[in-house]
Every structure is written in C-alpha cells, then in structure tokens.
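> For reference, the chains in residue letters:
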Amino acid sequence: MKIDTIAAIATAVANSGIGKIRISGEDAITILGKIYQPKNNKKNIVEAKSHTIHYGFIVDQDIVIDEVLVLIMKAPNSYTKEDIVEIDCHGGILVVKKILEVIIKNGARLAEPGEFTKRAFLNGRIDLSQAEAVIDLINAKNDYARQSSVNQLKGAVSQKIEKIRKEIIHEVAFIESALDDPEHIQIDGYGENLLIKIENLISELELLLKSSKSGKIIKEGIKTVIIGKPNAGKSSLLNVLLGEERAIVTDIAGTTRDSLEESINLNGVNLNLVDTAGIRDTDDLVEQIGVNKAKNHLLNSDLIIYVVDATTNLDQNDYKIIDMIQDKKVIILLNKSDLNMLITEDKLKKVVDKTIITISTKENEGIDLLESEIKDMFYKGNISFNDQIYITNVRHEAAIKDAYNSLLLVKNSILDLMPEDFYSIDLMNAYESLGNVIGESLGEDLVNEIFSEFCMGK
Amino acid sequence: MSTIMENYDICIVGAGHAGCEAALASARLGLETILFTVNIESIALMPCNPNIGGTSKGHLVREIDALGGEMGKNIDKTFIQSKMLNKSKGPAVHSLRAQADKAEYTYKMREVLENTDHLTIRQAEVTELICENNIIKGVKTFSGAQYNCQAVILCTGTYLKARCLYGDVVNHTGPNGLQAANYLSESLKSLGVEIFRFKTGTPARIDRRSIDFSKMQEQFGDDRVVPFSFETDINSVQIKQESCWLTYTNEKTHEVIKKNLDRSPLYSGMIEGTGPRYCPSIEDKVVKFSDKDRHQVFIEPEGKYTNEMYVGGMSSSLPEDVQYAMYRSVPGLENANIVRNAYAIEYDCINPRQLNPTLEFKNISGLFSAGQFNGSSGYEEAAAQGLVAGINAAMKILDREYLILDRSESYIGVLIDDLVTKENREPYRMMTSRAEYRLLLRQDNADLRLTKLGYKVGLISKERYKRLCLKEEMIKAEISRLEKESIGANKEVQELLEKNSSTTLKTGTSLAELIRRPELNYETIKSIDKNRKELPLDVIEQVNINIKYDGYIKRQMKQVDQFKKLEKKLIPENICYDEIRGLRIEAQQKLNLFKPVSIGQASRISGVSPADISVLLVYMEQLKVNRRSLNGAL
Chain A
1 MKIDTIAAIA
11 TAVANSGIGK
21 IRISGEDAIT
31 ILGKIYQPKN
41 NKKNIVEAKS
51 HTIHYGFIVD
61 QDIVIDEVLV
71 LIMKAPNSYT
81 KEDIVEIDCH
91 GGILVVKKIL
101 EVIIKNGARL
111 AEPGEFTKRA
121 FLNGRIDLSQ
131 AEAVIDLINA
141 KNDYARQSSV
151 NQLKGAVSQK
161 IEKIRKEIIH
171 EVAFIESALD
181 DPEHIQIDGY
191 GENLLIKIEN
201 LISELELLLK
211 SSKSGKIIKE
221 GIKTVIIGKP
231 NAGKSSLLNV
241 LLGEERAIVT
251 DIAGTTRDSL
261 EESINLNGVN
271 LNLVDTAGIR
281 DTDDLVEQIG
291 VNKAKNHLLN
301 SDLIIYVVDA
311 TTNLDQNDYK
321 IIDMIQDKKV
331 IILLNKSDLN
341 MLITEDKLKK
351 VVDKTIITIS
361 TKENEGIDLL
371 ESEIKDMFYK
381 GNISFNDQIY
391 ITNVRHEAAI
401 KDAYNSLLLV
411 KNSILDLMPE
421 DFYSIDLMNA
431 YESLGNVIGE
441 SLGEDLVNEI
451 FSEFCMGK
Chain B
1 MSTIMENYDI
11 CIVGAGHAGC
21 EAALASARLG
31 LETILFTVNI
41 ESIALMPCNP
51 NIGGTSKGHL
61 VREIDALGGE
71 MGKNIDKTFI
81 QSKMLNKSKG
91 PAVHSLRAQA
101 DKAEYTYKMR
111 EVLENTDHLT
121 IRQAEVTELI
131 CENNIIKGVK
141 TFSGAQYNCQ
151 AVILCTGTYL
161 KARCLYGDVV
171 NHTGPNGLQA
181 ANYLSESLKS
191 LGVEIFRFKT
201 GTPARIDRRS
211 IDFSKMQEQF
221 GDDRVVPFSF
231 ETDINSVQIK
241 QESCWLTYTN
251 EKTHEVIKKN
261 LDRSPLYSGM
271 IEGTGPRYCP
281 SIEDKVVKFS
291 DKDRHQVFIE
301 PEGKYTNEMY
311 VGGMSSSLPE
321 DVQYAMYRSV
331 PGLENANIVR
341 NAYAIEYDCI
351 NPRQLNPTLE
361 FKNISGLFSA
371 GQFNGSSGYE
381 EAAAQGLVAG
391 INAAMKILDR
401 EYLILDRSES
411 YIGVLIDDLV
421 TKENREPYRM
431 MTSRAEYRLL
441 LRQDNADLRL
451 TKLGYKVGLI
461 SKERYKRLCL
471 KEEMIKAEIS
481 RLEKESIGAN
491 KEVQELLEKN
501 SSTTLKTGTS
511 LAELIRRPEL
521 NYETIKSIDK
531 NRKELPLDVI
541 EQVNINIKYD
551 GYIKRQMKQV
561 DQFKKLEKKL
571 IPENICYDEI
581 RGLRIEAQQK
591 LNLFKPVSIG
601 QASRISGVSP
611 ADISVLLVYM
621 EQLKVNRRSL
631 NGAL
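Listed in order, the protein sequences are those of chains A and B. Taking UniProt numbering, the leading residue of the first sequence gets 1, the next gets one more, and so forth. Taking UniProt numbering, the leading residue of the second sequence gets 1, the next gets one more, and so forth.
Just chain B, same shape as in the assembly (with noise of 0.2 Å):
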C-alpha cells in the first residue's frame, strides 16, 4: 500500500487569521507552502465577533498592514461600517474598527490565497508532526499521507481537542459545529510540549426579522470613513454603511441569569478552561457587577446578504430554554428568535512561554505557532502572530536574519513579547495600556514605524519604500520649517489669537510653538502661515500630531533609549543560572523556565528583580573577560 509522500519548504495547519497571514507571508517570500485546514469554507473564519479592529485591535491590524500582511487589505474590501473610536482623545487611542460582512471576508480571503504563487492549500487534519532530534521533518495526515518540510508553523485556533458546551449540552466540535482535531494534541504531548486548557465563549445569532429595532439606538459609521491599509485608495471606502443597534439588558434578564446558574457549565464546575477576564460571559458580568442595573447590548449585522445578527455583549453558555428567556428580556429583542446559539467553546493551546520571541519553540528546532494556539484571543492577535511566525519561518529556512519587534516599535512587539515573557494564565488580548510607549505607537504612524522592516524583510514592494521615505522627508522638512520660522506680533497674527481665544503675543514666536498651544493646530493657523506648501493630508496630520505633543513624545523616546540599551544586551543561549553565584532561588527558577533572550526580557519576568538583573549582568560580563583570556591563551 502506498502513501501520498509530498515536500514543501512551510507546513502551515490551519488556515484561520494567523495560517493566512503566516502561509501569505512564506509564499510571498518564495518559499513552497502547504496550508492544511479541516474545511475548506472555514478559511479566515469569524466564528465570534463580526468585527476587525477596535481599541488596540486597530492598531494591529495597521502594524500588520505596514509589515505587508493582508488582513488590512481584506477588511477595506469587505467592511459594512467602520468607525474611528476615541476620536475624541488623544492621537495615540485612536482606532480604527469596522464591522465585517463575514462570509464576504472569507471569500476574499481565500481569493487572495487561492492567487498566491507558491501556496498549495489541501483540506485535510494534520494529526502529527514528524520530529527528529528535536528538529521539525514534517506533518502526517488523518488519511497517512506525509508531507515533509523544514518548518511547520502551527495555527489550530481554538480547534485542539475542541468542546463546545450550552446547559448540560456537549458538542465535540470545533467553532460552528465545524470538525475538531483530536490527534495533534497527543502528537505535541509526546514531543514534550507544556499544554494549557482555555475557554472563551460567544453570543447568540438572532434571525433580524424577529428584532424590534424601534426600541433601540441605532448606531452609524463614521461619515468619512479611514481605511485600515496604507494602500488602499481613500476614495474606494466611501460606501453606503450599514448601521449597528444599542439596547440594554435589565434588571429582569438578570433575574433570569441568576435564577439558572447552576444550569450554567461554567458555574456547575463542567469547564476546565480559564477564560479571559476582559470578555466576560453575560452571567459572568451579572455576578462580578452585582451593582450594575444594565449591561449594554449590542446587535450588528453578520453580513450584507444573510439575516444573521450578533447580540455583542451577551456570550453565554447557559441551557438552550434560559437564552431564549434571557434574550427575549432585553428590549427589541421580545419576540427573538435564535439562529445559533450562544455557546462556551473549550480548547488546547500551548503555554507560550515554550516559544522565542520568532514564535519558534525553544527546544524543537524549525516549529513554529501563531495565534490562540498561542494562548491569545482575537483575529488581530492572530493574524499579527501568523505574520511574524511566517516570516521568522522563512527567515530561518533562508539563513536570514529574524524579525524580532521590540516593546518600543510596535503593539505585535508587546504582544509577542507579553505572550513568551510573562505568566499567561488566560487568553490574551491587547490592550493599548498594555503598550508603555503608546504614545510613539501610533495607528497613523504604523507604516514609518514598520514598513521599512517590512521592506528588508521582502514583504513591502519597492515603489511603496520610496513612497514612504518621501513621507518621511516630507514630514522631517515641515517641522523644521515650522519650528524655524518665526511670526510676529502683528495685527493679523493677534486676531486670529484672538479668534482662537488664544493669548495673543508679546513677542515674536515660532509656528510650531503656537500650533502647540492646546487651543490651536495645524490648521487653525492656516492663513498666517505664508510659506505653507500644499501637503498630503497623511503628511499634515504626522506634522501636526509631532509638533503639538513634542514634549510628551521626547518624554518617551528617552525611556525607549533606556529600554533599548538593556534589549540590546543579549543572554548567551547556553548560559547555565544554576552556577550564577548570588542569583536568588526564586529568579534562577524563573530564568531557567522562560530562557529569556536579552537583558531587558529578564527584567520583565516576574519574580526577577533588579538585584537579581545586576548579578546577571555581571555574570555575563565574567563569562566575556573569561573567553577573551582563554582565546589569548589559545
């Protein structure tokens, strides 16, 4: 009996947002790549929320599309609203979010997939990983057929070992009933792989039809709608949007949900997993937020062509007969009828403390993983990691350097650096506090903070290099020019001062020092700025935003110059904690667990302190002075 042999350079297994990032960016690199996924429909799938983007979310999905991922691209293709939210604070909480038309979202996806040189997508479960010497050879199929490779990466989503639960129901299935994969946890247990067990959940889907939207707010898209890609063309996103609903819960659901949590998996003790915090089940916040009256509620469309609407801000697990008592207690939702129940989904995923900051394991050389496999949650998270694990991938198969974000460049450095250095203990999610330097990483600024990398790396084409080097000129000029020339006090100048209720001038100033006055901006000092180029608009809102919060931006930029100094000081792979002298137990614990790679990493675990940092670096600078005398002595 003969089986399919086949070899590839990339095995991708799974195709969600982080399979289709990592398998774009390993095609794109040149590099042959197999995508494997259970079900061919379920490419780029959104199982929960309809929506891409959102606080920190936002910026992501920007970073991404800086570095040359697709995620931002498709989202322009395939939204039905978009809002910027937080408008209203300050540059660096701005962000972007659009609701998806889903089933739209996946077919563009698999298009661009499906049109990629290099990529060969077959639906099939990977069940185990060929691994020799802790060197990664290939994957095998449910069917036996062997696919040998020099690197897998890893994107099984919420898929391992899956359980979806409602009341006393069980399904083993993955996410909409869709086929589990039962077999590659037991492959990756015997190769020494730490697994964790999470949970998270999702509301129900109600038919619009039997929806009272009278009794809710509607809610609108932005009026000029901002796209997610730096290359998609402004004037194609100027669509007909549709429009989002608010309702509350009341003090009635609540009684409904309290009535009948012990009829709820999760509080009858049946989920094992840990579920994140931040996206808390209805009955979760009903009893963590007693005090709390209402919750809000919101409905939005699953797509322009189905019937299908989201309840966000009502995932649940409770029995089938409790939903619909819960559901149809919220106004406008009275005579609901369900389409998919909300239910509570449990999985495998690792303990990311096992990977580099390339999303490489540590000790299996050539696997790599991305997304909720990962521990994190979210098509954001996902994707982000998928892109940055298909490029370290390739970068490795190529002999090439790896690209490895830091704290200070970007949101996926944060998150990839939160996931392999602390303790992770529920699904990770982003959050712009997570991201101490905030204010340089902008979601306007993605593409001058990235998209150079994403050019050394091969995944940005060269026209739009020079186009953002000319950005860069362009702002740098425009600054210094503003910064230089001076204005007088003279009559026109303290008009429109005055007009602007601003305090009017004594002496001469610089136009940069009034556009920093909190009263005014760029364009408010417009008609007394008459050397002023015409600017593209991308340009004027990088100038503006520099100069105006000048003295809080270099405030970080010298706290990144001390970051940096520690990032850059690397631990030697084979350093040995147990014979450092004067570390503490607690740290040497610590350390040898999550193998930090620099300096900087270290300072960031818990349980290593300072102290224990200035033993380190003193051991390390021992171990240079000992190997410079013992290559003189050689």
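Chain A extracted, bound-state conformation (with noise of 0.2 Å):
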C-alpha cells in the first residue's frame, strides 16, 4: 500500500475511437512533463492551469507515440481530489499501452483496479453508498489478485522469478551476517565477486522483460481462430472486420505465411484473430505445413470461427473440420447469403450443434450479429477474457522493471565502490519488487534466511 502516483487506461473496455488514459498524484504534472511535447513548443506543460485541455504530442524519447488531447485537474479540484492528468489518443490498444508503458517508465505505479474510485472515497470525494460498491470492487480483486497469481503464473516466469529471488536473497542474507558479525564473516573485496552475477541477474530480467514485449499481443487478446475450407470467405471475414473496427493492426513477426495473425478490439472485447490456411487434403507438402499449423492453433484457440461456404456442399473436408471442433466455443458463419445458398441454417444444425449465423462478407450482411455474439460469450463468461489479464502482465512488467532498475543501481554501486551495506539496500528493492510478481510479501525472509545459511553469533 503506498500513497504514490498511478496510471491506468480508463477506457479499457469500451468500444471508443479514443482511449484514454488517467494519471491521479502528486508526480502526475511532473510525469505529464517528461512525455509531453506541446504543438506549439512554447508553453511549458507543468505551469499550465488547472482545468485546461492542450494539444500535443506523447513522447518517448523525442519519438512520437501519438498525437493527444491532455486535460489537467489539479487538487483538490479533481475525482480524486489529487493531481489529475488525462490523456486522450487515438485509441486502439497498441497505443494506449504504449503510452500507458512510458507513464510508468517516467515514475507512475500502474493503479489496482478501483483505485482511483478508492482514492476519491478516502479522500472525501464520493460518499458512503459509492463506497460500498468500492469495497466489492476491492473484494473482486481480492479473488481475481488469487487466481491471476495462480493461473498466470504457474508457469516458466514464476520459476524463474524464484530463482532469481532466491540468488538475491542468498547474496543479501551473506553480505548482512558478514555486517552482523564481521569477526566471524569475511565480506572484503566481495563486489568484485558480486557484480558477475548481478550482471547475470540484470540479463535474465531484461530476457523476461523483452519476452513479455513480444509475447504480450499474441497472448493477450481471447485466442480467436478462423478456420474453413480455401475460399469459404475466411480472409474477407477477417478485412470486413478489421477494417469496420479500424482497430490497430499488427504484423507479428514469426508468423508464417499459412497463418495470419491479427488484434482487433470488438466492443471493448480484445481478439486476435489467427486467420488460417484453408483446410483440406493434400499431398502438396508447403500446404501440408499450413494445414498442421491451422490445426495446431485450432488445439490452442479461446474461440474459433468457422467459415463454411454455402454456396457448395459439405465434402469431406468440412466433416475433417466439424470433428475437430467438436469440444470447443465455436461460431459457425454460413457465408455468401448473397449467393445461391445450397446449405441452410437447418441443414447445417442437423450436422453440428454449434451457433450458427448466416452472413455475407461481400454485402457486410450478419456481421453486427457475429460481434454481439462474441460480445455476449465473453461478457457471459463463454469465453475467457483477456482484459484484466493483459493490465496483471503490465503490472508485472513494471515490477520486473523496477526490479531491473534496482539490480542497475547496485552495480553502479560497486562500481563506484561504495561499501557493501549499500548493496544490500537496492538489492532488497529487487527482491521486494519481483515478490510483487509472484504475490510474496518481504516478511522474515531476510533474517530466516541469515539465520539458516550462515554460522554467526558468540
């Protein structure tokens, strides 16, 4: 619990041309001033009065993240009764993230969900009945802080955070007992020793830190699957629906020509949508390659779509596909209702009991019927969701970072040749920091550990 300055997307949910971004404490003006460029370059940003809205850029190190609208509130006359900037750009996830990324660079905490609203109720600002409904947002977090810790992190990136804690803690815990007891514990000439592996340890941050830059767009959104035979409409699905949402597009390096991927944002809910190589027999071996990939991603997918062309005949390849998809949260689209239909909604359910629409990509018929009904799986719970997921990642992120910070600071401590008991301060930062990740709080780790690795004491 620190009373710091926070960041969060307000609009991470919903279906705006805009995003926007908020920043509520003390630092909120000061962070506004690193990252901003007014149009004019004149007016200096951190002077401007409170209540006015200016026109500039976002910046990232002189490069231009977006053109922007920021509004600032100062206190106590703000929702939070605390400093308050707001930005908005031009939307579209990538941007938004990338702004909100170099608030929290510039000293920004990302806020925990509901803490503007707790801000504004401990601050006085809102009353008693909204506080109720703060608590329940809090409780919310309560259970999603427990499942998000476990579900997400089961994996490689908690075991390595462990480790890597373990390494810091085991460093800390000798330099304090040789403190602690220095006519029994040796500790001279130790940085030398010590900053080979906090070089180490700066590297596999910064592995972990590049590896959820990549990974992040890909893993984020509800994994959505286009999937149909060659020219049932899968790529003409996939434009109507990028180009109606004109949702930021992304190429993902690594994919192959088979498989394309794509992140679009439909009513507030984030798909990225794996469009496939059409499904079919073949002896061709590049095409083999494509059809093992779509069905590879078939296994992985949140959600697929199924294009079924209805102006030809199931063949054998559309019963290859409705047996693959049989366990999983499917949409069928009986696509070309502008054409000659020889298969109809009814036909069709006898085959597969799955949702079915008929669309037409050409005429942009159906579509409106396919988004509501992605939005209502997701907001009934069909299908996971993505949205809390991807801020926990950015949470963790920048706790990895200030984590990486902290291991810099304690190499240019040893470099400067400052005493041991200064490493030791930045180097518990550190492992504070990547607690935060994995959900551990500091407790007695310190001194269990002084007390169990290292013989002290008359």
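It should be emphasised that the hints constitute simulated quantities derived from the structure, not laboratory data. Heads up, the beta-carbon is just placed ideally off N, CA and C, and yes, glycines get one too. Treat the hints loosely; a few may be bogus.
[Claimed, not checked] Partial chain B-side listing against chain A, Cβ under 8 Å, derived:
| no. | residue |
| --- | --- |
| 1 | Thr-55 |
| 2 | Leu-85 |
| 3 | Ser-88 |
| 4 | Leu-439 |
| 5 | Gln-562 |
[Stated by the list, open to error] Calculated from the model, a selection of chain B residues having no Cβ within reach of chain A, i.e. all distances over 10 Å:
| no. | residue |
| --- | --- |
| 6 | Ile-4 |
| 7 | Lys-108 |
| 8 | Thr-116 |
| 9 | Thr-120 |
[What the hints assert, rightly or not] Over 10 Å on every C-beta distance to chain B, these chain A residues come out as not near it, computed from the model:
| no. | residue |
| --- | --- |
| 10 | Ala-10 |
| 11 | His-51 |
| 12 | Tyr-55 |
| 13 | Gln-61 |
| 14 | Val-95 |
| 15 | Glu-192 |
| 16 | Leu-194 |
| 17 | Asn-200 |
| 18 | Asn-313 |
| 19 | Lys-329 |
| 20 | Leu-342 |
| 21 | Ile-367 |
| 22 | Leu-369 |
Two chains, two frames, some hints: make the complex.
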C-alpha cells in the first residue's frame, strides 16, 4: 500500500475511437512534463492552469507515439482530490498501452483495480453508497488476484522469478551476516564477485522483459481462430472485421505466410484473430505444413470461427473440420448469403450443434450479429476474458522493470566502490519488487535466510 | 499482625539493564519510584558476555544516550577495550562495541541509582501484582509487604521460574546461581497474561592463569576510542586498553561434542524453552554447520581485577566432564581451569504481542514491561525498552503524550515494533538488517534524530538541547555552502584531483559534487576549499556523510515519507474486526490478536494482505463518515 502516483487506462473495455489514460497523484503533472511535447513548442505544460486542455504529442525519448489532447486538473478540484492528468489519444490498444508504459517508465505505478475510486473515497470526494461499491471492487480484486497469481504464473515465468529471488536473498543474507558479525564472516573484496552475479541477474531480467513485450499482444487477446475450406471467405471476413473496427493492426513477426495473426478490439473485447490456411487434404508439402499449423492453432484457441461456403455442399473436408471442433467454443458463419445458398442453417444444424449465423462478407450482412454473439459469449463468461490479464501483465512487467532498475543501482554502487552495506539496500528493493510479481511479501525472509545459511553469533 | 504498606508512583520489578533505565527515567522525571531487586549486588549485572554494544546494539546504546538514558555514560566510565566495528563499511553499519569491566559496570550504575532523587532501592522479591478491574494498583513482596502505586514496570529478565542446566544437572536458580523469582508467573497467569518459555545460554569462564596466550591471536582495541555517550569528553576515554584473544575450535573439539550430544539437555529433550538462532550453543553450531571444520573462539577478560576470562563462541549445556574435554581441545586452552561452568538457562517471559508500542499491556492499565521479560535478549535491547517503559509509565501518570518511536527514526522503534507486531518465537536480538531505513538510522546521528524528543520528555537538559540545535545549524549551513560554492577547473584543483586519482574537471562544479566522488571526501578537498571555517569534528562528520551519500539518503527519505503516511492513520481502539465485510478470516484473527495501533502497523502483521489493508482503510473512512452524520443528527 503506497500513496504514490498511479496511472491506468480509463477506457479499457469500451468501444470507442479514442483511448483515455488517467494519471493521479503528486507527480502526475511532473510525469506529464517528461513525456509531453506541446504543438507550438512554447508552453511548458507543467505550469499549465487547472482545468485546461492542451494539444500536443506524447513522446518517448523524442520518438512521437501519438497526437493527444491533455486535460489537467489540479488538486483538490479533481475526482481523486489529487493532481489528475487525462490523456486522450487515438485509441487502439497498442497506442494506449504504449503511452501507459511510458508513463510508468517515468515514475507512475499501475493503478490497482478500483484504486482511483478508492482514492476519491479516502480523500472524501465520494459518499458512502459509492464506497460500498469500492469494497466490492476490492473483494473482486482479492479473488482475482488469487486467481491470476495462481493461473497466470504457474509456468516458467514464476519459476524463473523464484530462482532470481532466491539468488538475491542469498547474496543479501551473506552481506548482512558479515555486517552483523564482522569478526566471524569476511566480506572484503566481495563487490567484484557480486558484480558478475548481478550482471547475470540483470540480463535474465532483461530477457524476461523482452519476452513480455513481444509475446504480449498475441497472448493477451482471446485467441480466435478462423477456419474453413479454401475460398470459404475467411480472409474477407477478417478484412471486414478489421475495416469496420479500424483497429490497430499488427504484423506479428514469426507468423508464417500460412497463418496471419491480427489484433482487434470488438465492442471492447480484445480478439487475436488467426487467419489459417484453408483446411483440406493435400499432397502438396508446403500446403500440408500450413494445414498442420492450422490444426495446431485450433487446439490452442479460445474461440473458433468456422466459415462455411453456403454455395457448395459439405464435403469430406468439412466433416473433418466439424470433427475437430466438437469440443470447442465455436461460431459457425454460413457465408455468401448474397449468392445462391445450397446449405441452410437448418441443414447445417443437423450435422453440427453450434451457434450458426448467416452472413455475407461481400454485402457486409450479418456481421453485427457475429459481433454481438462474441460480446455475449464474453460477458457471460463463455469464453475466457483478456482485459484483466492484460493489466496484470503490465503490472508484472512494471514490477520486473523496478527490480531491473534496482539491480542497475546495485551495479552502480559496486562500480562506484561503495561499501557493501549499500548493495543490500537496492538488492532488497529488487527482491521486494519481484515478490510483488508472484504475490509474496517480504516478511522475515532475510532474517531466516541469514540464520539458516550462515553460522554466526557468540 | 501488621504488615508494611507504602505508597509510590511507580514500582519497578528487577534491577537489570531494563530496570535501571526505567527507574532512572521515572525518578528523573520527578516520580516517586521504587526499584525491587532479589539481590542488591546484582544491579546492572552482566551475566553473559562482557560487552556493551556491537553491530546494531551499539546503535541502541547511542539512541538510549540521545534520549537521556544512562547505559552509554556508564560504559564510557567502565570499559577496558573499545572498537568501532565495520569501519571499512558504510557509515550506517559502523557500530561501537566495548569490553566492560563487569564488576565496575555494576558498581558505577549502582552509584548513579543510589544518588538519584525520588529513587528508592529495595531488596525484595515481588510475588504478586495487585490489580483491580484490569487496573494496576500495586505489588506485594514475599514478606507480605504491600506497595501501592499507579504503574508497575516488570523487568524480571531471566529470573522468572528460572532453571539453569548443564548435562543432567538442574539448578532452580537465576543466572550465576542467583535466587530465581518463582511466584510472579502465577500472578501474571491469573491476570490472563500469555507466558512463553525461552532459553538462552552462556559459555564457561576460565582462569586466565591457565591459558596459553601464545597460541592465540591478540586482539587490540582502537587507537582512538570513540565514546558511546554524546556527552562524554572524548579525551576521557583514551585509556590503556586490555586485549582479547582469538583462537579456534578444531576437529577434535567437534568430535568430543558429537560423541556426547545425547548427554546435552538440549538434545535429550530436557530443555523445553526456545533458544535463539543467532546465539547458538557450540553443540548447535557443530550440528547445524557440520561442513565447517572450525569455529572462532574469543577469549575476553571479565574485568581488570579478576582472572576470569569469558570464552565467546562456546556457550554450551553439555555436562561438566564434556565441557572440560571440549574446552581443553582448543589451542591455548589445553590446561584450562574452569571457574564457572557453561550452562543453559530457561525462564518465563511473555508473548510481547500483548503490549502496546508504549510497552504497556493492552489489557492491564498501568502495567508496563521491558527487557528479556518481553522476549528479547541482550543488555542493550533491555536497556532501550526499560528507558521507553520508564518514560511512558511516567507520561501516563503525568497525563502527558507517550513516547512512541517509529521504525523510520530509531532502532529502538524497530525493536519495539518488531516485538509487538511480529510473531516472536525466539529471544529477539537486534540486527542492522532489521532496520529498513538504516541509512538514516546511523549511530553517528542518534543525537540529531532523538535528542529533541528526549528534551521534550524531560530527560535532556536545556544546555544539551541548545548544543544540539547549534550543531544542527552548523551542519545545515556548511552543506548549503558546499552545494552552492562552485569551483573552476584551475590548475590547483586539477592537481589535487590527479593526486587523488580522480577525473579532472572540464567545467566548473560545486564543492559538494567533488565530495560526492567515491575517491574524495570533505577532508581531501580541504586545500581547494578557500572559504572553509574551522568546524567541530562531529559537524564535519555529518556534513561529509550527508553530502557523500545524498542520493541514497534521499531515496530512503522518500520511502520514509510513504511509510509515515500509513503510520499516522490510527485505528480506533474500539474497532470490531469481526463486522468488517471483505476482511479475510485469517486477517480478522490476526488483527484481533495484535490489535494494531495504526494502519502501518497492521500492514506489517504477517497474514494481513495489502487487500485487507484496503478494506480496513475503507471501513475506517466509513466510520468517520457515519460519526460525522451522527453528530449532525444530534
């Protein structure tokens, strides 16, 4: 529980052309000053009056991220009764996220769920009935935090973090035991030794940070796979969805020419669309690879959109697909309603018991039905959601970044030939930051480690 | 039959290091104080090691002194060797440690006590607390005499139901064969106080004449001794010092120990108490760290007028014959004669969770406690608590503001907060690593941190207070001068930099920037600092440290700001955790047990999560709003 400057995306789940990021706290305006460039280059934003709007750019070390409008509200005349900055940008999850990252890099902390409201309440801005809602929010967070730390971090990442933490606490315990019992435990010249270890840890954290960057977009949306026979209209569906939503499109490096992956925001729901190669029996080796990939995507998907060409009869390939998707969350699109349909919804229903929607990608018909169906599934919890997980990951990333910075400070202390006791200050900060990732607090870890690892005392 | 009945303001039970500080504080604040001890000869006794201070403990002594306590002054009068530990490390971990002349230490302390106004010393065993409706009314002694009072401070050390053990020998005595106190525990239990049983130990004392020092390394004190007390004249402590000696255990020692482990009451299960991990007996060390082929042994004099030598590092509860074999296996101790056996001691103490940070019992008004009775260990830890308990008992009676030190201003604050907030399962010892803001809590600045508080309490004289204010001003002025004063890249400057293998200047810079360089300091740049005035050494020390470590210090101060905000959010005393929606059950139980004073304290209780703290904050605000609207309605 810290009383510091917080930031969050305020339009996380909303279907809008713009994105809003909110910063609240003592340093809100100072942070803005570091990342904002006014259009006319003259005004210093830090000196701007309360309740004024400014037009300019958000920059990350001279690289322009987006054109924005900035609203400044100074304490106590704001929602939280603290200094608040709101940044309106061009929306799209990538840009919003990038801006948030820059804000965090410059000293803000990612807000906990409900934290703005909590501050508003604690600072006497909102009343009792609203406060009740805050408690619910925090409760939700309790469950959520438990869930996310368990589910999300079961894997390699948490093991990695545990390992790094263990190494850190061991080093601190050694330093501390030597400081505590200097006549028993010698530590002179230890810096050189430690430097190598710290550099290793720094590069390990660097790797973690990198992996979280490249992997995030793909991992964080609902993984939605579009399948169907060749020419059923998969790609045109994708184009329709992308075109209509005007979402940010990314080309993800590493995807093959056979599967294209795109990220869109549909009614506030993040979808990662994978357009697969058409599935059919083939002897062509290259195509075979594509087909196998498509099958793999199917296995790992959260949602499958199966596009059926209504103008041709179901064949062996369709039955194969239907067989593969039996146990999955599926929406079947009966495409090409603008043409002469050989297959009807009723006919198809007899073969496969899934939601079926008739559409025409060409005439843009039925797409709204698809959208509301996906939205329904999402909000009813039929498909797993992504938004919170996304936030959590940014939180983790921020914590890892903190730890990384602390270790850089340790490195500096060593290079500056500071005495050993200075190392443990930032080592402990790194240990604590990493603890936040896996949900562990400091407690008596250090004292226990000292006593169990090092023999001391008279 | 008539019995004695007397009236006092404050009764203090026990005259060890905690009891002495408590009694002096209370009497010096003008309250009629009576100090009970089972044996008048054992005032300020050092029954274990002959040191005062050491890592982090040295900090405690300085803080005691800065608040107006006695320990620092007393050791300055009676030390026989002194060393600043960790001198090659950062200023935060420099720690002063002195070897005491034990006998002289107790005499000098007794002299101070006996000559303090409002203080009565009485040799008697307190056997019963008189308590009505959970308010303390007085104490009764073994003879039946009754002493009425408004506050009692329990400083019983290791005497409650004490048992000393080695091998299969059990003595029902306190340390050194002194009379144990066997009745008070029952009185406490009947008042609902939760009792722990802890254990500690001490090594043998050996006759100096039977030691071959030629097989040991001589350990000297510092050439220039720094006193503990900020008030001691530095010239008065430049005395001829005694030496200590270093030797080592070996394979043979370990073999003797391992072969006889089954005869140790520790391993046979005869000892029930929990011992400290930081102060393991030699048998513990040999078992737990079996990869080590030797352990250090320090041979330290117990005083100038005795041949008894303390065998540091080899406390034990093995039988007498094994002790002989074990000690005599150590180089230099081949012919050692034991004067006193090593032994383990078991005693009753309390679960300190029952205390407020004022060291008053949460459930018994007017009952305070300090020292080993609170589950700590160490003379310095005891004295620190004694001082705080003495001050707060007085503040209560005088109806003045309590002295509660927090973690960001003192080691004493860390010590007491740890005791009353954390699950304590072994005798607690101070360590610098327990202080999260240790860069700010240095032994060199204890006066700057605490003397103003001591003055406010009334234990610091006006003169001392004024001296401190002056010191503060000089430090501030000199730092600001050095930050402002710029220096050009002239020849003299460049030469000085080169001489100190420091990068030469390209443009001008401030003097402070130069001091910040690792290879330079306040002294080394003296010749290029033309406007420098003569300043006292302690001022220079502060200026140098504050400029040099400015970046680190500022970062810690920022953390402290955040910490303080939560410490200031006080939890209402009558809060009912059971009715707070959203609190997890574990948190509810812990909060009920510990009854934290502030949100900050609550957040340090293990089992209370940050989410629970949020719930608590919101609930407290609700209470406030409710109260406001209620007041409006009335």
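> Confirm or reject each hint.
Do the hints match the structure? See the list:
no.	hint	result
1	Thr-55	5 Å, holds
2	Leu-85	5 Å, holds
3	Ser-88	7 Å, holds
4	Leu-439	7 Å, holds
5	Gln-562	5 Å, holds
6	Ile-4	43 Å, holds
7	Lys-108	24 Å, holds
8	Thr-116	33 Å, holds
9	Thr-120	36 Å, holds
10	Ala-10	20 Å, holds
11	His-51	26 Å, holds
12	Tyr-55	33 Å, holds
13	Gln-61	23 Å, holds
14	Val-95	31 Å, holds
15	Glu-192	15 Å, holds
16	Leu-194	14 Å, holds
17	Asn-200	24 Å, holds
18	Asn-313	58 Å, holds
19	Lys-329	32 Å, holds
20	Leu-342	58 Å, holds
21	Ile-367	42 Å, holds
22	Leu-369	40 Å, holds
Hint violations for this structure: none, all hints satisfied.
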